[in-house]
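Chains A and B, in that order, are what the protein sequence lines are.
Following our numbering, the numbering of the first sequence begins with 390 at its first residue and continues without gaps.
Following our numbering, the numbering of the second sequence begins with 7 at its first residue and continues without gaps.
Hints are computed from structural coordinates only; laboratory data are not their basis.
No residue lacks a Cβ here, since even glycine has one placed at the ideal position from N, Cα and C.
Treat each hint with caution, since some may be false.
Claimed, not checked - Stretch by stretch, here's where chain B covers chain A in the computed footprint (C-beta under 8 Å, at least three residues):
# : region
1 : 497-511
2 : 588-600
3 : 723-729
Unchecked claim - Here are the simulated distance ranges between beta carbons:
#  : chain 1 : residue 1 : chain 2 : residue 2 : range
4  : B       : 177       : A       : 675       : 58 to 64 Å
5  : A       : 862       : B       : 43        : 46 to 52 Å
6  : B       : 174       : A       : 510       : 29 to 35 Å
7  : B       : 177       : A       : 460       : 55 to 61 Å
8  : B       : 43        : A       : 694       : 47 to 53 Å
9  : B       : 33        : A       : 644       : 54 to 60 Å
10 : A       : 794       : B       : 33        : 44 to 50 Å
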Amino acid sequence: MPTLSRRDFLKLAALAGASAALTTLRPRAGSLQNQKPNIVILLADTMSATNLSLYGYPRRTTPNLERLAQRAFVYHNHHSGGNYTTPGTATVLTGSYPWTHRAFNLAAPVRRSLANQNVFRLIGPDYHRAAFTQNPLADVYLRQFVAEIDQHIPTSTFILEQDFPGVSDFITTDPLMAPYAIDDFLMSTHQPGTEWPGSLSMGYLGLVYRWLHRDAGQASKEYPYGIPSNAFYYYENRTVYDGVRESILDLHRRRQPFFAYFHLMSPHAPYSPTGEFVDTLAEMDFQTKKTHILGNFFTRRDMLANRKMYDEYIANVDAEMGRLFDALEQEGVLENTYFIILSDHGEMFERGVIGHSTALLNEPIINTPLMILPPGKQQRTDIQDFTSNTDVLPTILSIAGQKIPQGVEGRVLPGFGGIEDSQRPIFAVDARESSAFLPLTRATMTMLKDSKKIIYYKGYKKLPDSFELYDLHDDAAEKRDIYQQDPSTAKHMKDELLENLEQAESSLRHE
Amino acid sequence: MKNLKSRLPQPAEIYQVLAVIAFMIYAWTITVFLYSFPSYINFLTSGEIMTIFAYAMTSAFFESLIILGILLMVCLILPAHAMRDVFLTRGTWAAIFGIGYLMTYMFIFSRQSFELITQLPFWSLLGLLLTVGVTYFSPRFRGMVTAAASISDRLLVFIFLFAPLSLISTIVVLYRHIVL
Numbered sequence: 390m391p392t393l394s395r396r397d398f399l400k401l402a403a404l405a406g407a408s409a410a411l412t413t414l415r416p417r418a419g420s421l422q423n424q425k426p427n428i429v430i431l432l433a434d435t436m437s438a439t440n441l442s443l444y445g446y447p448r449r450t451t452p453n454l455e456r457l458a459q460r461a462f463v464y465h466n467h468h469s470g471g472n473y474t475t476p477g478t479a480t481v482l483t484g485s486y487p488w489t490h491r492a493f494n495l496a497a498p499v500r501r502s503l504a505n506q507n508v509f510r511l512i513g514p515d516y517h518r519a520a521f522t523q524n525p526l527a528d529v530y531l532r533q534f535v536a537e538i539d540q541h542i543p544t545s546t547f548i549l550e551q552d553f554p555g556v557s558d559f560i561t562t563d564p565l566m567a568p569y570a571i572d573d574f575l576m577s578t579h580q581p582g583t584e585w586p587g588s589l590s591m592g593y594l595g596l597v598y599r600w601l602h603r604d605a606g607q608a609s610k611e612y613p614y615g616i617p618s619n620a621f622y623y624y625e626n627r628t629v630y631d632g633v634r635e636s637i638l639d640l641h642r643r644r645q646p647f648f649a650y651f652h653l654m655s656p657h658a659p660y661s662p663t664g665e666f667v668d669t670l671a672e673m674d675f676q677t678k679k680t681h682i683l684g685n686f687f688t689r690r691d692m693l694a695n696r697k698m699y700d701e702y703i704a705n706v707d708a709e710m711g712r713l714f715d716a717l718e719q720e721g722v723l724e725n726t727y728f729i730i731l732s733d734h735g736e737m738f739e740r741g742v743i744g745h746s747t748a749l750l751n752e753p754i755i756n757t758p759l760m761i762l763p764p765g766k767q768q769r770t771d772i773q774d775f776t777s778n779t780d781v782l783p784t785i786l787s788i789a790g791q792k793i794p795q796g797v798e799g800r801v802l803p804g805f806g807g808i809e810d811s812q813r814p815i816f817a818v819d820a821r822e823s824s825a826f827l828p829l830t831r832a833t834m835t836m837l838k839d840s841k842k843i844i845y846y847k848g849y850k851k852l853p854d855s856f857e858l859y860d861l862h863d864d865a866a867e868k869r870d871i872y873q874q875d876p877s878t879a880k881h882m883k884d885e886l887l888e889n890l891e892q893a894e895s896s897l898r899h900e
Numbered sequence: 007m008k009n010l011k012s013r014l015p016q017p018a019e020i021y022q023v024l025a026v027i028a029f030m031i032y033a034w035t036i037t038v039f040l041y042s043f044p045s046y047i048n049f050l051t052s053g054e055i056m057t058i059f060a061y062a063m064t065s066a067f068f069e070s071l072i073i074l075g076i077l078l079m080v081c082l083i084l085p086a087h088a089m090r091d092v093f094l095t096r097g098t099w100a101a102i103f104g105i106g107y108l109m110t111y112m113f114i115f116s117r118q119s120f121e122l123i124t125q126l127p128f129w130s131l132l133g134l135l136l137t138v139g140v141t142y143f144s145p146r147f148r149g150m151v152t153a154a155a156s157i158s159d160r161l162l163v164f165i166f167l168f169a170p171l172s173l174i175s176t177i178v179v180l181y182r183h184i185v186l
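Construct the entire structure; sequences and hints are all you get.
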C-alpha cells in the first residue's frame, strides 16, 4: 500500500476543500444564468438631450455619460411624451402617449381604466419592484400603482432638510387621495402664488415652519446658486446618489431579480451645481431664435445666463452618475443588470422660454437622452431613428421575458429585438389646460416621422389652430417653418397626426 | 369636575360661539374648494372630488373644535368675569377678528411675494394684539355686545348644516383609512 506523505495529504485536503467549494458554487452560478436579469431605470428629471455633449453639444457637459456610452446603446433621436413631469413620467410608466393615458393636468393620475397598464404590474411579481422619486408630481404614479410596488421609498428619503412638512410620506393608507386632500388642498402653502390653503390653521403652521427654516437653502461657497430643492425639501446630489447606490446594492443582495425605478430631481430647476462645476464650462454665444407667440418673452441675456447654469448642473449630475456606475461596477452589479438612463422631458432656453412651463414642443424640450447599458456589452451602438419614451415599457417587458399587452403604444427598441423604422410616427403632447375626460380643447401636439416634424397648436387664443413643419435633417434647430413651402408633406403629416388624435380620443367615448 | 364645569360658559353660549367659528372656518374651506373645483374636474373623477371634499369638511370640523377649545381654555384660566361671564361677546369677537385676520394674511400671502414670510412674526403679533384688543374692549360697547349676540344667533342655523356634513365626511375619511 503506497504511503501518503504529509505534503500529499495537504495537497489532497486542499483539493477536497476546493472541490467542496466549487460544488456549493455551481448551483448558484447555474441559478444566476437562469435568473432573470435585474433592470434599473435611472431617470434624471428635465434632462434635455440637446444640452449633452454625449449627443454633440459643444459644451463638454457629460464626459462620464460619454465614457459609459462606450458599452451602451445610445439613442440619438429619442423623445419624451410630454413637456413636463406629469405627462412625461406617465408615458414612461404606461408605455402610452398623453392623449391615451390622459395624465396631462398638473399632478393628475393616469386614466383609471389604464391604471393596470403600468410597468410595475406588467413586469410581474417574479421581480422585486422598488421605486423612488424625488419629484412629488411623479410620486402621484408611485402612489397610484403602489399595490404593485414591493418597496415604495418615500420622496423625503436621502434629504438634507425638510423645507415644508408634507404628510404624504407619513400616511400610507389612502395613498392616492390623502396627499391630494392634505398636502395639496389643506396645506397648500409651499410656494407663494399658488392656491390658498384649504385649512387656515394647517396653512398657518406651514408658514411658521417655513419661517423657522427660512435660512435653509441659501447660497454658499459650496453651492454658489443655493442648495438643490424641490420646493418641499433641500437635498444634496451626492447624498441622493449615495442613497441610490446603497438601495441598488441592497436589492442586489437579494436572491430575487429586481426592477428598480429611480426618478431623481436634478437637473430640474433651481439649477444648483456645487462650486466645483460653476464657471468651468466654455463661454459660448448660442444662436438666437425668434420669440414664439406662445413663448414667455424672456430676454436673450436671461436665456443665456440660465442655459449656462443648467449646463453646469448637468455636468454636476453627470459626475454623480459616473461615480454611481463606477461604484456599482466595483460591486459587480453591472454583471446581471440592465441600466436604462433617460429623462421625462427636456428644458428650453430659446424662443423667449426659460424652463419647460410652456406650450411649445420644440426639440430642446422633448428630445431627451436614452442610453441602455446591458450586462456584458463591450462596444457602443448608436441608433439614429426616432424612438419614444413609450418604447421603454415594452423594451423592459421584452428583457424580462414578459408579454407586451395590446394597449401599449410603444415598440421594443432597436437593439433589443425591435427594428429601426424611419416611417414610424412618434408623438408628444402638451394639454395641461384641457380636460382629461373630454377631447382636447387647448393643446400642442407634435408628430415626428422620417426626419420631418409637424407641430399642431390647437385652441390657443393667441394662436388659433395652426401648424408648423420642420425638416430636422436639414434644420435640426427648427428655424425654418416649411409648412407653406412643402404643402404635400404638410398635408400628409397633418392628416396622419389628426387621424392618430381622432383614434386616441375615440376610446374616450366608450368610457 | 363640577368645579371645572362651573368655570365654563352656558352650553347655549358655547353653541353660539361655535357657530361663528364654524361659519368662518367652513366658509373659507368651501371657498377654497370651489376655487380649486374647476381644476379638479379636469383630472379627478366625481368620487375623487367628493373624497377631497370629505377631507376638507373633516378638517374644518376639527379645526372649529380646536379653536373653540382654545377659547374654553381661556375661560378656565382667566377669572370668570374676564371671559366666562362675557363669553358670547368676547368669544364671538375673538373668533371674528382672529380667524378674519388669518384669512386676510393667507389671502395676501398667496397673492403677493414670498418676502411676506420673513415678516411672519410681525404680522402674527399684530394680528394677535388686534384680536386681544378688540376682544378685551368688546363688552364695553353696547353695539358690539348686541352685534355679537345677533350675529351668533343668526349663524347658529349653520351648525345644523355643518354637523351632519362633518359627521358623514369623518366617516368617509375613517373608512378610507381603516377599511380600504
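Hint check results:
Residues of the region 497-511 of chain A lying with their CB closer than 8 Å to a CB of chain B number 3, which satisfies the three-residue condition for coverage. By the rule of at least three residues with a Cβ nearer than 8 Å to a Cβ of chain B, the coverage given for the region 588-600 of chain A holds, with 10 such residues. Restraint check on the region 723-729 of chain A versus chain B: 0 residues with Cβ-Cβ distances below 8 Å, three needed, restraint violated. The given range of 58 to 64 Å is respected by residue 177 of chain B and residue 675 of chain A, whose C-beta atoms sit roughly 59 Å from each other.
As the Cβ distance of residue 862 of chain A to residue 43 of chain B is approximately 47 Å, the hint placing it in 46 to 52 Å holds. For residue 174 of chain B and residue 510 of chain A, the Cβ-Cβ distance of about 34 Å falls inside the hinted range of 29 to 35 Å, so the restraint holds. For residue 177 of chain B paired with residue 460 of chain A, a C-beta distance near 58 Å keeps the hint of 55 to 61 Å intact. Taking 47 to 53 Å as the suggested C-beta distance range, the pair residue 43 of chain B and residue 694 of chain A does not conform, at roughly 39 Å.
The hinted window of 54 to 60 Å between residue 33 of chain B and residue 644 of chain A holds, with their beta carbons roughly 58 Å apart. The hint said 44 to 50 Å for the Cβ distance between residue 794 of chain A and residue 33 of chain B, and at roughly 48 Å that hint holds.
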